[in-house]
Amino acid sequence: MLAVSYCLPLAMANQSGVQLDGFAALADPTRRQVFERLAKKSLSVGELAAGLPVSRPAVSQHLKILKDAGLVTDEALGTRRVYRLDPRGIEAMKNYLDRLWNRALAAFKAAAERETDS
Amino acid sequence: MISIRKQLTVEAPQERAFRVFTANMGLWWPRDHHIGVAPLKDCVVEPKANGRWYELGEDGTTCEWGKVLAWDPPRRLLLAWQLGPDFKYDPALLTEVEVTFTVIGPKSTRVDFEHRNIERFGEAAERLRGGMDTGWGQILESYVRSAVAEAA
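First to last, the protein sequences are chains Y and F.
If you're matching positions, the first sequence starts at 1 in the working numbering and goes up one per residue.
If you're matching positions, the second sequence starts at 119 in the working numbering and goes up one per residue.
It should be emphasised that the hints constitute simulated quantities derived from the structure, not laboratory data.
Keep in mind that this is a model prediction, so the values were computed, not measured.
Heads up, the beta-carbon is just placed ideally off N, CA and C, and yes, glycines get one too.
Just to be clear, a hint being listed does not mean it is correct.
[Unchecked claim] In silico DSSO-like links for lysine-lysine, alpha-carbon gap of 27 Å or less:
(1) Y:Lys94 - F:Lys206
(2) F:Lys225 - F:Lys166
(3) Y:Lys67 - Y:Lys41
(4) Y:Lys41 - F:Lys206
(5) F:Lys206 - Y:Lys67
(6) Y:Lys94 - Y:Lys41
(7) F:Lys206 - Y:Lys64
(8) Y:Lys64 - Y:Lys41
(9) F:Lys206 - F:Lys185
(10) F:Lys159 - F:Lys185
(11) Y:Lys40 - Y:Lys64
(12) Y:Lys94 - Y:Lys67
(13) F:Lys124 - F:Lys225
(14) F:Lys124 - Y:Lys94
(15) Y:Lys94 - Y:Lys40
(16) F:Lys124 - F:Lys185
(17) F:Lys166 - F:Lys185
(18) Y:Lys40 - F:Lys206
(19) Y:Lys94 - F:Lys185
(20) F:Lys166 - F:Lys124
(21) F:Lys206 - F:Lys124
(22) Y:Lys64 - Y:Lys94
(23) Y:Lys40 - F:Lys185
[As the list claims (entries may be wrong)] Cβ-Cβ distance ranges computed for the label pairs, FRET-style:
(24) Y:Ser55 - F:Arg194: 50 to 58 Å
(25) F:Thr127 - Y:Pro53: 17 to 25 Å
(26) Y:Arg103 - F:Pro191: 22 to 30 Å
Whenever a hint applies, use it, and build me the whole structure from the sequences.
Okay, structure coming up:
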């Protein structure tokens, strides 16, 4: 069975004034839920809030952080404002993986040099 | 094709470099990067073609990451990274991670790393949307085309 929760790297506190980059914004479980739902379908704030155990203003705040991080974008559709994944997300994915592999390969190098041949 | 490439020199014999990369991945993989609910216990690369690549949680549960496409010790490893943009295993997504280990001395190995087919995350994202609209996929395609044009 596959686990359905996520534990992403680069978790960092959303200090005021600090813009989270790319996937660091997804360290928060509610934002991951918002992101995941938008991956399936464009939705308004109201539609998102209806399926989540948080208030509408809280959803708006999460959307703002996701938008600032370049993961989500919004557009006016008639009288509604709908949110969807930002097409530049693929760039965020690349940057995210680039940083992950930098960390992983540096740790691999250290481990390989520490090991002895027994 | 959008790729991430890295090259590094490891002060270790080729065999050890390959062994630490594969058999000991759990030793060096960033502990905070995993998809399971439980804390990460180990990352497993099964030592054979068509082997699994998965994480093992401290509670004994496993989460697939992908598979082994080519197993050629101690020179080359080809993995399939199949975690999608939502960090879930997606069997329809196949991005390749190729690692080659080249002898440059008795205790020195050059490691060439490439994670390629990054553009396929766009297709996976479109599948996640259930084909409800093609907006994202189309924009991604044009993004990929312009990125390729830029690289040329």
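How the hints compare with the structure:
1. Y:Lys94 - F:Lys206: Distance ~16 Å between Lys94 of chain Y and Lys206 of chain F Cα, so the pair holds.
2. F:Lys225 - F:Lys166: 26 Å, holds
3. Y:Lys67 - Y:Lys41: Roughly 16 Å separates the two Cα atoms, so the pair holds.
4. Y:Lys41 - F:Lys206: 17 Å, holds
5. F:Lys206 - Y:Lys67: With a Cα-Cα distance of about 22 Å, the restraint between Lys206 of chain F and Lys67 of chain Y holds, given a limit of 27 Å.
6. Y:Lys94 - Y:Lys41: Holds: Lys94 of chain Y and Lys41 of chain Y sit about 22 Å apart, inside 27 Å.
7. F:Lys206 - Y:Lys64: 24 Å, holds
8. Y:Lys64 - Y:Lys41: 18 Å, holds
9. F:Lys206 - F:Lys185: Holds - the C-alpha atoms of Lys185 of chain F and Lys206 of chain F are around 14 Å apart, at most 27 Å.
10. F:Lys159 - F:Lys185: This hinted pair holds, its Cα atoms lying about 19 Å apart.
11. Y:Lys40 - Y:Lys64: 19 Å, holds
12. Y:Lys94 - Y:Lys67: Since the Cα atoms of Lys94 of chain Y and Lys67 of chain Y sit roughly 17 Å apart, the hinted pair holds (cutoff 27 Å).
13. F:Lys124 - F:Lys225: 20 Å, holds
14. F:Lys124 - Y:Lys94: 13 Å, holds
15. Y:Lys94 - Y:Lys40: 20 Å, holds
16. F:Lys124 - F:Lys185: 21 Å, holds
17. F:Lys166 - F:Lys185: Holds: Lys166 of chain F and Lys185 of chain F sit about 10 Å apart, inside 27 Å.
18. Y:Lys40 - F:Lys206: Holds, because 13 Å separates the two Cα atoms, which is no more than 27 Å.
19. Y:Lys94 - F:Lys185: Roughly 20 Å between the alpha carbons, so the hint for Lys94 of chain Y and Lys185 of chain F holds.
20. F:Lys166 - F:Lys124: 24 Å, holds
21. F:Lys206 - F:Lys124: 25 Å, holds
22. Y:Lys64 - Y:Lys94: 22 Å, holds
23. Y:Lys40 - F:Lys185: Holds: Lys40 of chain Y and Lys185 of chain F sit about 26 Å apart, inside 27 Å.
24. Y:Ser55 - F:Arg194: 50 to 58 Å: With Cβ atoms ~53 Å apart, the hint holds.
25. F:Thr127 - Y:Pro53: 17 to 25 Å: For Thr127 of chain F and Pro53 of chain Y the Cβ distance comes to about 50 Å; the hint is violated.
26. Y:Arg103 - F:Pro191: 22 to 30 Å: Holds: the Cβ-Cβ distance is about 25 Å, inside 22 to 30 Å.
This entry does not satisfy hint 25, going by the numbered hints stated previously; all others are met.
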